[in-house]
Amino acid sequence: MESHVPVPESVVRFIASHIRSLEQLEVLLLLSAQPHRDWTAADVYNVVRSSEASIFERLDELRMSGLLSSVESGGSVAKTYRFAPSSPELAAVTDLLAHEHKERRVKIVELIYSPQAEPLKGFADAFKFKKDK
Amino acid sequence: MFNQFLNGAIMTGFLVAGLFFLRFNRRTHERLFAIFAAAFFVLAFERIVLAFVDPTAEFQPYVYVIRLMAFLLIIIAIVDKNRGARRQP
Amino acid sequence: MAAFVYILCTLTSSLCAGLLLSNYRRTGLRLLFWSGACFVCLAVGNVLLFIDRIILPTTVDLTIWRNSAALTGLALLIYGLIWDAERMK
Numbered sequence: 001m002e003s004h005v006p007v008p009e010s011v012v013r014f015i016a017s018h019i020r021s022l023e024q025l026e027v028l029l030l031l032s033a034q035p036h037r038d039w040t041a042a043d044v045y046n047v048v049r050s051s052e053a054s055i056f057e058r059l060d061e062l063r064m065s066g067l068l069s070s071v072e073s074g075g076s077v078a079k080t081y082r083f084a085p086s087s088p089e090l091a092a093v094t095d096l097l098a099h100e101h102k103e104r105r106v107k108i109v110e111l112i113y114s115p116q117a118e119p120l121k122g123f124a125d126a127f128k129f130k131k132d133k
Numbered sequence: 001m002f003n004q005f006l007n008g009a010i011m012t013g014f015l016v017a018g019l020f021f022l023r024f025n026r027r028t029h030e031r032l033f034a035i036f037a038a039a040f041f042v043l044a045f046e047r048i049v050l051a052f053v054d055p056t057a058e059f060q061p062y063v064y065v066i067r068l069m070a071f072l073l074i075i076i077a078i079v080d081k082n083r084g085a086r087r088q089p
Numbered sequence: 001m002a003a004f005v006y007i008l009c010t011l012t013s014s015l016c017a018g019l020l021l022s023n024y025r026r027t028g029l030r031l032l033f034w035s036g037a038c039f040v041c042l043a044v045g046n047v048l049l050f051i052d053r054i055i056l057p058t059t060v061d062l063t064i065w066r067n068s069a070a071l072t073g074l075a076l077l078i079y080g081l082i083w084d085a086e087r088m089k
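Chains as they are written, first to last, in my numbering: chain A, 1 to 133; chain B, 1 to 89; chain C, 1 to 89.
Misleading hints may appear alongside valid ones.
[What the hints assert, rightly or not] What follows is a list of derived Cβ distance ranges for each label pair:
#1 C:Ala-2 <-> A:Met-64: 51 to 59 Å
#2 B:Asn-82 <-> A:Arg-37: 46 to 54 Å
#3 A:Arg-37 <-> C:Arg-25: 43 to 51 Å
#4 B:Leu-19 <-> A:Val-5: 38 to 46 Å
#5 A:Ile-112 <-> B:Gly-8: 42 to 50 Å
#6 C:Trp-83 <-> B:Gly-8: 21 to 29 Å
#7 A:Glu-103 <-> B:Gly-8: 53 to 61 Å
#8 C:Glu-86 <-> A:Ser-69: 26 to 34 Å
#9 C:Ser-22 <-> A:Arg-37: 26 to 34 Å
[To be verified] Below are the BS3-like pairs computed for lysine-lysine, each with C-alpha atoms no more than 30 Å apart in a straight line:
#10 A:Lys-130 <-> B:Lys-81
#11 B:Lys-81 <-> A:Lys-121
#12 A:Lys-121 <-> A:Lys-131
#13 A:Lys-131 <-> B:Lys-81
#14 A:Lys-107 <-> A:Lys-130
#15 A:Lys-131 <-> A:Lys-107
#16 A:Lys-107 <-> A:Lys-128
#17 A:Lys-128 <-> B:Lys-81
#18 B:Lys-81 <-> A:Lys-107
#19 A:Lys-121 <-> A:Lys-107
#20 A:Lys-102 <-> A:Lys-128
Honestly, the hints are just simulated from the structure, not real lab data. Bear in mind that the values here come from a model prediction, so they are computed numbers and not experimental data. Beta carbons are placed, not taken as given, at the ideal position from N, Cα and C, and that holds for glycine.
With the sequences and hints as input, model every part of the structure.
Structure, rendered in structure tokens:
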């Protein structure tokens, strides 16, 4: 049953600033669930079956956001990633995100694509007289 | 003199804003942005005309018809946005 | 005829300002604030134009105030278009 407690503000802000796509969310959740494991792009692809190329991009994006660390060993093919948030706040909010995602996946996914992520869509929608919510 | 300076700055402002809207249209394929871009370009054009027309000339008020065109475009954009919204399932 | 133009421009800018600002209150999107503020300034400029041309045509010249309003609005809009139109990555 959906609780009426709103999603924590820190999670909302985290999604708005760090999560651009559902694929990225799934990759993050996968790696954060097993923080002591090193993953290659192929490993991740075996679970999140989108495309190896985009998996690679997502992993890199998450690394640049300070959520993952990576180790190169013998070229990009053998590059491994591991969940390693660069600050305790990031660790905490990722934890909270994982919890919220388990409790209400749809709401979390909606937040990824909400107008906060797309100001231009919000601008265009502002001129609609009948809002669809 | 200062008014001419302001006029030039305003023209550039409308031009830049119009270019932004054009770019947004390219990126989002949202027609509203294209129409807003056109409206802002028209407003920029109005400033050029205003700079060269003598403020005391008899037909000067008609220059503001250009402004009217721009705002009509904006109205069209809004109407178009709402017509499209209703057609979507 | 001129009065009609000025009034329509004022109404259209006010409508845009109203739509943008009320949606800003609803969603908190900063771009809506900047663009809404811009249209407020444009509306003010159009009101001043109406006053300048129709109500007090010979007593005062509000040109510099009209231009300042338009320039202020555009500065706000361009600021918003540059910084708040896209999510920073």
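Tell me the numbers of any earlier hints that the structure contravenes, in ascending order. 9, 20
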